[in-house]
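One line per chain: the protein sequences are F and V, in this order. The first sequence begins at 1 in full-length UniProt numbering and counts up by one. The second sequence begins at 1 in full-length UniProt numbering and counts up by one.
Just so you know, these hints were derived from the structure itself, not from any lab. This structure is a prediction, so every number in the text was calculated from the model and none was measured. In this text, a Cβ means the ideal position worked out from N, Cα and C, and glycines have one as well. Be aware that a few hints might be false.
Said to hold, decoys possible - Derived CB-CB ranges, DEER-like:
(1) V:S87 to F:K93: 41 to 51 Å
(2) V:I215 to F:R261: 29 to 39 Å
(3) V:G248 to F:G242: 28 to 38 Å
(4) V:V196 to F:D9: 30 to 40 Å
(5) F:Q90 to V:R245: 48 to 58 Å
(6) V:I215 to F:R244: 32 to 42 Å
(7) V:Q40 to F:I198: 47 to 57 Å
(8) V:D222 to F:P152: 36 to 46 Å
(9) V:R245 to F:M1: 50 to 60 Å
(10) V:A324 to F:P152: 31 to 41 Å
(11) V:E212 to F:P152: 49 to 59 Å
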Amino acid sequence: MELINSLADVPETELFTGGHGGCRGCGAALAVRQAMKALGPRTIITIPASCMATIGGSGLSTAWEIPFYHSLFECAPAVASGIRAALDIQGIKDVNVVSWAGDAGTADIGFQSLTGAAERQENIIHVCYDNETYMNTGGQAGSITPYLAVTPDTPGGKPTPRKDMLAIMAAHHPAYLATASVAYPLDLIQKFQKAGEIQGFRYIHILAPCFKGWGIREDQTVQLARLAVECGLWQLYEEIDGRRRVTVIPERRIPVREYLRLQGRFKTMDEAAIAALQAEVDRRFQEVQS
Amino acid sequence: MRQLLNGNEAAAHAARLARVEVLASYPITPAAPVMEKITQFIAEGSLKCNFVRVESDHSALAAALGATMAGARSFLITNSQGLAYMSEVLYHVSGLRQPVVMAVVNRALAAPHSRFPEHGDVVAQEACGWVQLFCENNQEVLDSLLQAFRLGEDERVRLPVMVNYEGYIQSHTRETVDLPEQEAVANFLPLVRRPVLDVNNPLAVNTVTGPELYIDYKYQQDAALQRAGEVLQEVSTAYAGLTGRDWGGPVTGYRLEDAAIVLVAMGSLVSTARIAVDALRAVGEKAGLLKVRLFRPFPAAAVRESLRAAEAVVALDKNIVYGAGGALARELRAGLYGLATMPVYSYILGLGGRDVGVEDLTSIYRQVREQLGAGTTPAPYQWYGL
Chain F
1 MELINSLADV PETELFTGGH GGCRGCGAAL AVRQAMKALG PRTIITIPAS CMATIGGSGL
61 STAWEIPFYH SLFECAPAVA SGIRAALDIQ GIKDVNVVSW AGDAGTADIG FQSLTGAAER
121 QENIIHVCYD NETYMNTGGQ AGSITPYLAV TPDTPGGKPT PRKDMLAIMA AHHPAYLATA
181 SVAYPLDLIQ KFQKAGEIQG FRYIHILAPC FKGWGIREDQ TVQLARLAVE CGLWQLYEEI
241 DGRRRVTVIP ERRIPVREYL RLQGRFKTMD EAAIAALQAE VDRRFQEVQS
Chain V
1 MRQLLNGNEA AAHAARLARV EVLASYPITP AAPVMEKITQ FIAEGSLKCN FVRVESDHSA
61 LAAALGATMA GARSFLITNS QGLAYMSEVL YHVSGLRQPV VMAVVNRALA APHSRFPEHG
121 DVVAQEACGW VQLFCENNQE VLDSLLQAFR LGEDERVRLP VMVNYEGYIQ SHTRETVDLP
181 EQEAVANFLP LVRRPVLDVN NPLAVNTVTG PELYIDYKYQ QDAALQRAGE VLQEVSTAYA
241 GLTGRDWGGP VTGYRLEDAA IVLVAMGSLV STARIAVDAL RAVGEKAGLL KVRLFRPFPA
301 AAVRESLRAA EAVVALDKNI VYGAGGALAR ELRAGLYGLA TMPVYSYILG LGGRDVGVED
361 LTSIYRQVRE QLGAGTTPAP YQWYGL
């Protein structure tokens, strides 16, 4: 497989086209657009209840150029499993089957069907586009919302830490597992290219900021996604057969404070909490990069 | 070929004969043996089918839906809590007009917990837009399932179908079942692919729909469900041409010609009621029976036609809609509305597996005859056999 190595080589064809209903600066729309460059037209996608399920179409209009099904919240990986079973029995082998969910459709309400599909080693790609809140309903906290983040239902800051979804998914021993970020499109596209080539269960977790939920300006989506990587909170790597390879080593390491202080949602974090998070990030950074 | 089969085995053979391509099911008592039998067919090579070993009933129906949308013939089995758990997916399947076929092995809903039969599980899903068929014996389970695929896949219908039979009374009780030849079934049930999710013809499915379109979709869906009643009659006739067995369309009458008091039932009670009617006729009573095979769409016109000459109707409900009574009684009263003074007596019985025998039904008949003679207004509903 020849990986796309420069933005100039990215296919111009848009499979998630202009005219969608996402906000300006929507991280989720960026993630889909980038991923579709690698997945290509022979892809069937199912997206459960989420912003992403609604912004690609309304009434009789759609921005999708591939078959798209807006599934129920709990079951996108199960729907994808059924689609794969149907294609297999018809001898259709060259189609990517993708379930694409937000953090809730992946880690919370959708977790049961996800763990089921992962355990069965279904030949599908599950993507989590993670904006760290239930943004489609106004930004309430979920299980992978960060510790102390202010949301409409955790106005004093979320009292519990973010669940380690990547560790949970790694424990399923997927054929391919990767993290990605909308601020690193080449890295993201290459990971989808690789995932598309591999058979078996594949899991890609994309940090895709939501300016509204994060309390940032709409032109800061990519900037914050990049700062998350540069501060070490969001590390970019992939695992094939359980062997980890870091794909992006930040050129400069910044303190997490710089990342946190740009966002409205961490306004209640005091210096002690930031210091504790810094220590945790440093420990985790060492662990992943070594 | 005749074999001694329980209801679950009959259902599994129906799936094999229908050449289902994707089975997505989660084990639940007393339906699980259907899944085991089909996976055995797959393992021994008598059925080419992909089994999706899902982690829940919710995912089972989601996977069956995905498979059908991608162009495969899909089947699954559930009941009771599993059916309740599927509830929101049931609406997706019917709203998307996907001809998934599901065997429902009726079982009471908790609480209190019960593993035994009644129709409460499927009655709770009365509004979900699926065709709902009831079977009185294991032969009908096999035959109705084969008919269900043809009915659901018919261009005029394009809807999912539930085929109901009762836990243990049918699922675990053996009867002689005649299995049609595979070739004959293939002619009756050709495989026609109509994928909705197709990379060669990409569509966006289930986009957000506003008030300017939603109600129109719902009108079309309801019209299709109504058509299913008419198409069922055709399908039954075609099936009779194949096997000689005609289960009729939505309803079937028994000794109705001069019947004064007509028992109305669904499922296994029909067989019991038939014997009760014979027993009552033997002692000079003008008893009759109306078997309701199709609960959704409810065949109100056929029911009116069948009951036109009766003096009174007795609804035998193996379900309770709390605070409202029996579902069948309610449908009958609505369907008969305007037919002069036809009284409908409503009995709730057999819930959670409480046995109902021939003598119970003849006893109910006599109670009704006395009430009718006394000219008392029927109670909204009454419980029997407490």
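Comparing the hints with the structure gives:
1. V:S87 to F:K93: 41 to 51 Å: violated (35 Å)
2. V:I215 to F:R261: 29 to 39 Å: violated (50 Å)
3. V:G248 to F:G242: 28 to 38 Å: Violated, at about 60 Å.
4. V:V196 to F:D9: 30 to 40 Å: For D9 of chain F against V196 of chain V, whose Cβ atoms are near 34 Å apart, the range 30 to 40 Å holds.
5. F:Q90 to V:R245: 48 to 58 Å: This hint is violated: roughly 32 Å between Cβ atoms.
6. V:I215 to F:R244: 32 to 42 Å: violated (53 Å)
7. V:Q40 to F:I198: 47 to 57 Å: violated (32 Å)
8. V:D222 to F:P152: 36 to 46 Å: With Cβ atoms ~38 Å apart, the hint holds.
9. V:R245 to F:M1: 50 to 60 Å: holds (57 Å)
10. V:A324 to F:P152: 31 to 41 Å: holds (39 Å)
11. V:E212 to F:P152: 49 to 59 Å: Given about 31 Å between the Cβ atoms, the range is violated.
When held up to the earlier numbered hints, the structure conflicts with 1, 2, 3, 5, 6, 7 and 11 and fits the remainder.
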